[in-house]
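10 protein chains.
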Amino acid sequence: MKLVEWLAKSVTDDPRALRWFSEEGSDERIARAFKELLAGYEIEPGTLLKTTRMLEPGERPGRVEVREIAFHSICAHHFLPFFGEVDLCYEPGDRILGLGKLPRLVDAYARRFQIQEDLVRDVASEMMDSGHARGVRVRSRARHLCMCSRGPANTSAVTDTEFALGTLAED
Amino acid sequence: MKLVEWLAKSVTDDPRALRWFSEEGSDERIARAFKELLAGYEIEPGTLLKTTRMLEPGERPGRVEVREIAFHSICAHHFLPFFGEVDLCYEPGDRILGLGKLPRLVDAYARRFQIQEDLVRDVASEMMDSGHARGVRVRSRARHLCMCSRGPANTSAVTDTEFALGTLAED
Amino acid sequence: MKLVEWLAKSVTDDPRALRWFSEEGSDERIARAFKELLAGYEIEPGTLLKTTRMLEPGERPGRVEVREIAFHSICAHHFLPFFGEVDLCYEPGDRILGLGKLPRLVDAYARRFQIQEDLVRDVASEMMDSGHARGVRVRSRARHLCMCSRGPANTSAVTDTEFALGTLAED
Amino acid sequence: MKLVEWLAKSVTDDPRALRWFSEEGSDERIARAFKELLAGYEIEPGTLLKTTRMLEPGERPGRVEVREIAFHSICAHHFLPFFGEVDLCYEPGDRILGLGKLPRLVDAYARRFQIQEDLVRDVASEMMDSGHARGVRVRSRARHLCMCSRGPANTSAVTDTEFALGTLAED
Amino acid sequence: MKLVEWLAKSVTDDPRALRWFSEEGSDERIARAFKELLAGYEIEPGTLLKTTRMLEPGERPGRVEVREIAFHSICAHHFLPFFGEVDLCYEPGDRILGLGKLPRLVDAYARRFQIQEDLVRDVASEMMDSGHARGVRVRSRARHLCMCSRGPANTSAVTDTEFALGTLAED
Amino acid sequence: MKLVEWLAKSVTDDPRALRWFSEEGSDERIARAFKELLAGYEIEPGTLLKTTRMLEPGERPGRVEVREIAFHSICAHHFLPFFGEVDLCYEPGDRILGLGKLPRLVDAYARRFQIQEDLVRDVASEMMDSGHARGVRVRSRARHLCMCSRGPANTSAVTDTEFALGTLAED
Amino acid sequence: MKLVEWLAKSVTDDPRALRWFSEEGSDERIARAFKELLAGYEIEPGTLLKTTRMLEPGERPGRVEVREIAFHSICAHHFLPFFGEVDLCYEPGDRILGLGKLPRLVDAYARRFQIQEDLVRDVASEMMDSGHARGVRVRSRARHLCMCSRGPANTSAVTDTEFALGTLAED
Amino acid sequence: MKLVEWLAKSVTDDPRALRWFSEEGSDERIARAFKELLAGYEIEPGTLLKTTRMLEPGERPGRVEVREIAFHSICAHHFLPFFGEVDLCYEPGDRILGLGKLPRLVDAYARRFQIQEDLVRDVASEMMDSGHARGVRVRSRARHLCMCSRGPANTSAVTDTEFALGTLAED
Amino acid sequence: MKLVEWLAKSVTDDPRALRWFSEEGSDERIARAFKELLAGYEIEPGTLLKTTRMLEPGERPGRVEVREIAFHSICAHHFLPFFGEVDLCYEPGDRILGLGKLPRLVDAYARRFQIQEDLVRDVASEMMDSGHARGVRVRSRARHLCMCSRGPANTSAVTDTEFALGTLAED
Amino acid sequence: MKLVEWLAKSVTDDPRALRWFSEEGSDERIARAFKELLAGYEIEPGTLLKTTRMLEPGERPGRVEVREIAFHSICAHHFLPFFGEVDLCYEPGDRILGLGKLPRLVDAYARRFQIQEDLVRDVASEMMDSGHARGVRVRSRARHLCMCSRGPANTSAVTDTEFALGTLAED
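Protein chains in written order, with my numbering: chain A, 1 to 171; chain B, 1 to 171; chain C, 1 to 171; chain D, 1 to 171; chain E, 1 to 171; chain F, 1 to 171; chain G, 1 to 171; chain H, 1 to 171; chain I, 1 to 171; chain J, 1 to 171.
Just chain A, with the same shape it has in the complex:
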């Protein structure tokens, strides 16, 4: 079964559309692209975070934020991408986490079918659970192709979601 069959049956049977899919290897190439966009299911987020160092007893840590982490995700309702940036701020609990793993955590939850409201909640929860944070605040901003390509009110719209837990939920 190939994507072009669905396309022809459910979307359009215009031959100018369908001829693109007659090329050898076309269906496989599309599948590879979507496998990359959905690669987050292969990752176990709970094992991603690494410890840079444990805090010493009584050590008061400062605040850490990794900003402007690019992400790409797919909206399952329309099978179309949404994409944008996440800002991830946390207050360490008993350890300082490896900075380079924070974008990977975002990536692991973004490369799935998602809704933007759950993306920030999933990342925040993981930071508390396997990251042992005292507090976390995750903000995202994104454009949704299912929204932008439609009526004129939607073209320019940007969506923000935010989720905070622990000490950073009290700000």
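Calculated from the structure, these hints are not laboratory results.
Fair warning: this is a prediction, and the values are worked out from it, not measured in the lab.
Hints are not guaranteed to be accurate.
Lysine-lysine pairs mimicking DSSO-like chemistry, simulated, CA-CA at most 27 Å apart [unchecked claim]:
1. K35/H to K9/J
2. K35/H to K101/I
3. K35/B to K101/D
4. K9/E to K35/F
5. K2/A to K35/D
6. K35/C to K101/E
7. K2/A to K9/I
8. K50/J to K35/G
9. K101/C to K35/E
Could you slot chains B, C, D, E, F, G, H, I and J onto chain A? The hints should help.
Then chains B, C, D, E, F, G, H, I and J, alone, in the frame of chain A:
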């Protein structure tokens, strides 16, 4: 009865103005443009919003904002457009709403004769009523052609209106 | 005869739309607004330009540009405004023109039913004719409400027109 | 046959991915979104352009540009959107074209499976053929989701294409 | 008595300065310019504001701001202009005011000999008195030619004044 | 004879306007401000420029530009200021000129009754004459209060003038 | 005794450096430049501020700020300039102060050997003392040449200082 | 032992890579570059800060901030640089510190193997200890090459860290 | 043999520096990071480019540019990264190339020891050879850590290189 | 002999100015700062440039530019700093030069008493002589404290100089 008759009688009888309207189909084309600008009356806003998913018992939702939603409306006092952008922020009550419907809600209230003060109130109320939000804050900024095309003090002026209900009215 | 009659017959008979026009003086107020937007027909552009001083024999003049002249006009095809800015550059012929009259010249041609392509041509021609310029270049950029309020491809579109005569047509 | 069958067979069988598609009406909703993105096949571009007015004999027209026309298209190689803006500049041949139709022409060619190199060529050719232009230059800039969501070198990349015909090809 | 007499006696008797005033109609033209800049004395601000609609009993109104209202005024100490922008924010009391009248209110107080500290107070008081507002906040920013044209410390300086009354004085 | 006499007779006899001038020393303070704005008549521009060093025989000099030189001037037609910036570029003839004198040269010609077209010509000519330049190009951009404080088309307008001589007139 | 003697003895005896000072009048020209930079010692700041008008009994004044006042000062530790901008905000006590005098007050304290921490304190104290303010807040931002011309960490550094008294110290 | 030996054994034995290191003096040049990047170990931070002047008894000092101090550091985990800017704000305790020493303090801690979380803590502690501050807040923002050169989520990411002590920890 | 041995012998033996490398797996982690940065040696650039479609006989292609392609490379002289962006513009010869492969081509040449002058030449040559382009122009801009972390003149410096071949070398 | 003696005799004998210099080591600290600013005399520019690699016979090199090189210099006429940025562009002759040496070359000529016109000429000539370039273009932009701290026309002024040789002089 045609628009040119009103124009000739009430505004100007300069033949250079009136000759534009002698073309076949001119009145119909103008009517079509205004029908589009007033299409909001055809929409029942209370049926627009869709539920993406219900919250689970005890689930604490984050905050969601769709920003920079373009709108075009008509000021009935001068029969001239005003247009700009709406930022719509809400805290979910018992459900997360479909993002793509929020610009449509704005559009449904904007494509009417409106005043900018009521536009933000109408959208905010609908979010509480049929959207079951815990709180909502709607901000708009717009330029009014009835204002901009007149005296020099007005040319650059931008108008902001804001309306908040529920938890977001307490900020 | 009143505008609301045309509106009710040709555009919408929704009572929420029509009630705005039941107020005393409503039709007159709208007519006044459109009289202002069409006031250019009252002005004879050929008499607007004033001479600051004549050039002396053999004097080589420099180049003069008045930029970012705001204008508001009406597209007769849809009875909706378009508006933006004009940049008007000229090389004096036998005289230097009063700077303050150049925006008025633009205004005189803009406050009519216009198409943006003719606006720049009309202003440029007048600068050559009654302004005795050696060369002139008129550029405009504008947004058209008949365009912006429709499909998503149009919302962001900006239109530029340009017309040059004399020495400045050779650049 | 449904999209989820292709997804399960060719991309991922993770139940967290597939459960999104078990909802009633899911496949139809996705098909509707793609029908909109591919609606250009329903339009005959050669009939879109309208004449605002014919030039008078010997009339020298200026240059006209509609800039920042938003478009959304689909790359057939990866079944993923690309989107951006088109700038369309032309020199009238024997007529001035209706401005509002130029974004629709772009839309008609963009809402298909396209490659960005052909989009500018198709629009330019149509301007010469049914628009009777003396010259035309079409520029586009876009981001491709098939490119941006992959390796780090690609995330920020923007693609420009340009095509010119007639007098504007000689610049 | 003419302005040039004062100029010659009190400022400079350089013939290169005085010859500008020998032209017929020079004094009248200057007087007309100053009449426009001082036209605010002809206006009764208490009659300017119009009611768009009365609030319904128990109706909670939102906040309204007209921003970036351009103004030009004259500093009486040096007979030189100052100019800039006013932002006017109010909370309606028992009525929503016509937006287009707010810039006219600013204009009525600016086109007088003023000091920038009193301009914001005058506008704010009028909004409470004849506008029946619950609260008002008026901010201005301006450049003063009497200041900018002097020592180097002053050239770049911008002056802000602010005045608030009622509920908006409590922020 | 005092300025207030002219004001009362020719502009306005509103007592709220005139009372500002009853203060002791008011006329003198205004005269001092205008003396400063007209101080250029006291300066002999031909003596301002200084030589940093003479070029050596056969030395090829580069290009020098002092940009963004602020100036304030008075338009004699309306007795109102205009102000902005000058960019002064020159190619040395037989000498390199002291940089600090170039803004003073602009100042000497600006602090007079001027028209913006002559300001750039006067500065350019002086650079050729007493500065022995091989070429010079002077550009100015300014806002005119006599223009900005009037109809809406004028508020935003900026005026540019340019004058070039010698090798820089050939660019 | 001349500056070049100190230079030769304490800094460098490179003849390429010293030859610049052999020119007639060199030492006097440098002394004049430094006299201007240190001219603040000639001014008695306590006499600078002027009263525009006294407040009426019970009159509640608004807030006034003169922003972006340019200043140049000298750091005595390295005999090198520092320069930047001051923002001066005050709440009137019993009088409104002449706006034009506020930049002069900054200038009087800046044109001395200063440290940036004391500059804001000196200006703030004077506003309370001879300006009879209820509150004052002075902010400065500057670049120090003694800092910028050294190691790479310093090149980009900007220094801010702030000092508040009275009601504005409580914010 | 030379760096190229480690490179060949542990990273790549591609001759196109290794040939760069065959040049005479190559290893020494690399060592010199790293010595500079690690020069902070040679500095005793506790001796860096200098006193500009002691506060007088009862003197209330304002707030001082040196912003945008550039730094370069090395992440020991990947032997790759990270770099960015530090903003260092303090409230003097009993003395005002020499401004020029604050960037040097940052430099002394940055030119080591560091983690960005400790850099702000180290600088803040030193300001309290040897700088006798009442309060200090240190913010940094940086890009990490170990992060940016990897997966697409990381390319654009910026990391912020913040640490505050004393009175500024209470904000 | 481990990197820490070289470090201790050639750069610094400060125990605070060396202790970072005592952790298990430290040397392997650094090697992995450098393997990624040098992964370009594993790629055969001549096989990367793909054909989207062949041009038809006589077909005139437009111009294509992929801009702002991020790259990271290593300067072999100092074993330190340089990084920035490449703009790659080409005119097709007999085929249109797959857009997504152009960033990969840049990546293949950047992830090596490189000098920025050769990077643009290598990419341009490959576009002519295996891409069969009629012309190509490659521009890069980058920051070099070996340069930025040293004396103050270097901190802000940005390096541009450019290389053009075929029809685009004639511009 | 000390700097304070010159200051007291030639500039000001105000004790508030002179007391700064009574501190032990004050004269030495100032001398050290000026030694750094004049350190260019210690450097032989002809030995600075290094060869990255020789071009191969027939190799066509591209164009190389190092932009935004910060510099600080002293104007000998007023003993006051001027500072800004240099852009240095060259076309290689027989060799590619080490990028890191180009900012050092600028530094070597800037850290002297200079005039900005000669700075660009000196750097350009050295690039041709010891750098064996085919062409070079050097541009600088700077602010002069001797200019900025004086009359209002000068405060904002920026000075550009440019010098080109060889193939880049022909552009």
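Taking the hints in turn, this is what the structure says about them:
{"no.": "1", "hint": "K35/H to K9/J", "verdict": "violated, 48 Å"}
{"no.": "2", "hint": "K35/H to K101/I", "verdict": "violated, 39 Å"}
{"no.": "3", "hint": "K35/B to K101/D", "verdict": "holds, 19 Å"}
{"no.": "4", "hint": "K9/E to K35/F", "verdict": "holds, 12 Å"}
{"no.": "5", "hint": "K2/A to K35/D", "verdict": "holds, 18 Å"}
{"no.": "6", "hint": "K35/C to K101/E", "verdict": "holds, 19 Å"}
{"no.": "7", "hint": "K2/A to K9/I", "verdict": "violated, 62 Å"}
{"no.": "8", "hint": "K50/J to K35/G", "verdict": "violated, 45 Å"}
{"no.": "9", "hint": "K101/C to K35/E", "verdict": "holds, 19 Å"}
Violation of the numbered hints given earlier is confined to hints 1, 2, 7 and 8; the remaining hints are satisfied by the structure.
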